[in-house]
Each structure stands twice: as C-alpha cells, then as structure tokens.
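Using the sequences plus the hints, can you model the full thing?
So for the sequence shown, our numbering puts the first residue at 251; every next one is plus one.
With a Cα cut of at most 25 Å, we get these calculated DSS-like pairs of lysine-lysine:
{"id": "1", "residue 1": "K449", "residue 2": "K306"}
{"id": "2", "residue 1": "K449", "residue 2": "K310"}
{"id": "3", "residue 1": "K526", "residue 2": "K480"}
Restraint-style ranges between C-beta atoms, simulated for each label pair:
{"id": "4", "residue 1": "G392", "residue 2": "A507", "range": "34 to 42 Å"}
{"id": "5", "residue 1": "Y409", "residue 2": "K449", "range": "31 to 39 Å"}
{"id": "6", "residue 1": "I413", "residue 2": "S519", "range": "45 to 53 Å"}
{"id": "7", "residue 1": "E473", "residue 2": "I413", "range": "44 to 52 Å"}
{"id": "8", "residue 1": "N514", "residue 2": "T434", "range": "31 to 39 Å"}
{"id": "9", "residue 1": "M412", "residue 2": "G530", "range": "40 to 48 Å"}
{"id": "10", "residue 1": "G530", "residue 2": "E300", "range": "28 to 36 Å"}
{"id": "11", "residue 1": "Q351", "residue 2": "G392", "range": "20 to 28 Å"}
{"id": "12", "residue 1": "P355", "residue 2": "K526", "range": "47 to 55 Å"}
{"id": "13", "residue 1": "D511", "residue 2": "D462", "range": "24 to 32 Å"}
Think of the hints as simulated: they come from the structure by calculation, not from any bench. Glycine included, every Cβ here is placed at the ideal spot set by N, Cα and C.
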Amino acid sequence: MKKNNSESSSGNAENFFVLTLDFSKGVILEDLIARSNVRNDFFIFVLLAEGKAGAKINLKELYLKKDDLLIIPPDAAKERLYISEDAVLKIVAYTSEFIAQLNLPDRFWEVTDYYTTKHKPVWRLSKPVAKNLVRLINQMEGRISEENNHPYKNEILKYIFMIFILELAALAPQYALENNEQFTRKESLTIQFYALAKKHFREQRELKFYADALFVTPKHLTETVKEVSKRSAGETIDLLLHQAAKIQLKTTSRSIAEISDALNFSDQSSFGKFFKRIEGISPREYRATRS
Numbered sequence: 251m252k253k254n255n256s257e258s259s260s261g262n263a264e265n266f267f268v269l270t271l272d273f274s275k276g277v278i279l280e281d282l283i284a285r286s287n288v289r290n291d292f293f294i295f296v297l298l299a300e301g302k303a304g305a306k307i308n309l310k311e312l313y314l315k316k317d318d319l320l321i322i323p324p325d326a327a328k329e330r331l332y333i334s335e336d337a338v339l340k341i342v343a344y345t346s347e348f349i350a351q352l353n354l355p356d357r358f359w360e361v362t363d364y365y366t367t368k369h370k371p372v373w374r375l376s377k378p379v380a381k382n383l384v385r386l387i388n389q390m391e392g393r394i395s396e397e398n399n400h401p402y403k404n405e406i407l408k409y410i411f412m413i414f415i416l417e418l419a420a421l422a423p424q425y426a427l428e429n430n431e432q433f434t435r436k437e438s439l440t441i442q443f444y445a446l447a448k449k450h451f452r453e454q455r456e457l458k459f460y461a462d463a464l465f466v467t468p469k470h471l472t473e474t475v476k477e478v479s480k481r482s483a484g485e486t487i488d489l490l491l492h493q494a495a496k497i498q499l500k501t502t503s504r505s506i507a508e509i510s511d512a513l514n515f516s517d518q519s520s521f522g523k524f525f526k527r528i529e530g531i532s533p534r535e536y537r538a539t540r541s
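This is the structure in structure tokens:
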C-alpha cells in the first residue's frame, strides 16, 4: 500500500507501531481507525503535537488541544469527531504481548492500571513533558526509517521504546485522573457488546450469540445499541467485517477467495455481495482502485 507523504510509520505492525499523521499536508485517518477498531488488543497513545481534535471513546466525547495525550485501552469503542487542518498526531501503539517481551521492572506493572478505563483517557501534559515524549517518538521513527544495516538497530529501538514507556509510567501518578463518570445501564451494555463484537465478529454474526453472552434478549440488545450509538448491533458487526475486508484487500496479497474464507463467509459470492452492498463496488474493483 502506498503511503501518503504526510504519513510516516514504523515498527512491527503486528504488535507495535509508531506513526505520525500531519493533517496540515493532507492525510486520511480512516485506515488507522479501521485497523484499531478491528484489532482489539492494542494500547494506543496519541499525542497531539499541533492543532485540536475531538474523539469519542466508549461513548464519551473528548476534546484535545496541543500537548494533550490520549490513551486508548484495548477493546475501547472509538470514533473520530473532528481534527483541525493543522493537527499533527504522534501515535505509539503496542500489544501486551509485545511489552511482555521487554523484561520491564516489576514496579512498571503497578502503574498499568492508569491506562485502563478506571482513569480518564486524556492527560493534560505540560509543554516540557510533551516535548520530551515527542522527541522520543521521533527517535523511534528515525531509527526504523534508517535504510542502513546498523547491527544494533532493533536493540536501540527497543531501548528507546522502553524509555518512552517508563517515562509514561513515571508521569501517570501526576497526570492520570480517576474517572468518576458513571455509565447508564444502556451505555454499559453497548460498550460490553462492542468489546465482544470486536473479538468475535469473524466467527459470530448472529445477535443471539451476543445477547446470550450479555444475558439479554436479541431485541433488547439491538434496540439498546441503536438508541445509544445510532447504529444497530447488526450494523456494528457489518462495519467491523467491512473494515477487516478493506484492510486485507489493501494491505495483503491474499486472493479474494482467501479473504472470504478468513472472514468466514460461506463462499466468495456471498462475500462479494456483502462488500458491494456497503462499499458500492466489488472487492476486486476496490482492490484495483487502491493498488
């Protein structure tokens, strides 16, 4: 997939990536949103280096300004509200599997609770603190974008990332505020459904599966999700499938039949009809326009 010249990324995309999005040069955010919605195991840190932005995390609207850090835990329902034309986003994302391999000190794990929904997801950083984190993110990007064969490139990257993550751990007690917001029953049910859907949408399309897991009727589930999110439960599952299909069509060399199988469609024809109903064009046409 071709990269926009205002977008730079690095890292092992399976478990870790570093990304800069510069909206002053024109950039599309949909790919990032789609990837993070389909993958439910990433911790995502978004530092607003310039501009303003708005997002909805677990149904709550959040507004960010320069030097704010947004922390998005795994399984969070997320939606972009707006991003200013001059915004620059510095993004670091990793999985628990990736960080478990780094042999971090035991006391580090004591502060990971600050990255969960128990605490507010926005840290209002001071300028010097934000500047230091941006510097570390830039160093990570710079190391991976190097085209030379530095013998210790991966080791250096790992240690810069460890410094970054330990800096966050040190900042957590100061900047992480307890989240005292209470969710209504309907909001809680919608969030729980969304987390389940992200885990099982490839294998489970029937609402009864999710309703049974949440101890409600399918009718109550779909009505509640529709009321809270303005999108029905079925539409949410379709959206996740559609996003997963687009990512595979754009970023892999898998055949359309293989993608259909991976997403558990009964056959390639059913997958094609599903995709065209939402996207307006066939999977083959979509891949051709994005190549």
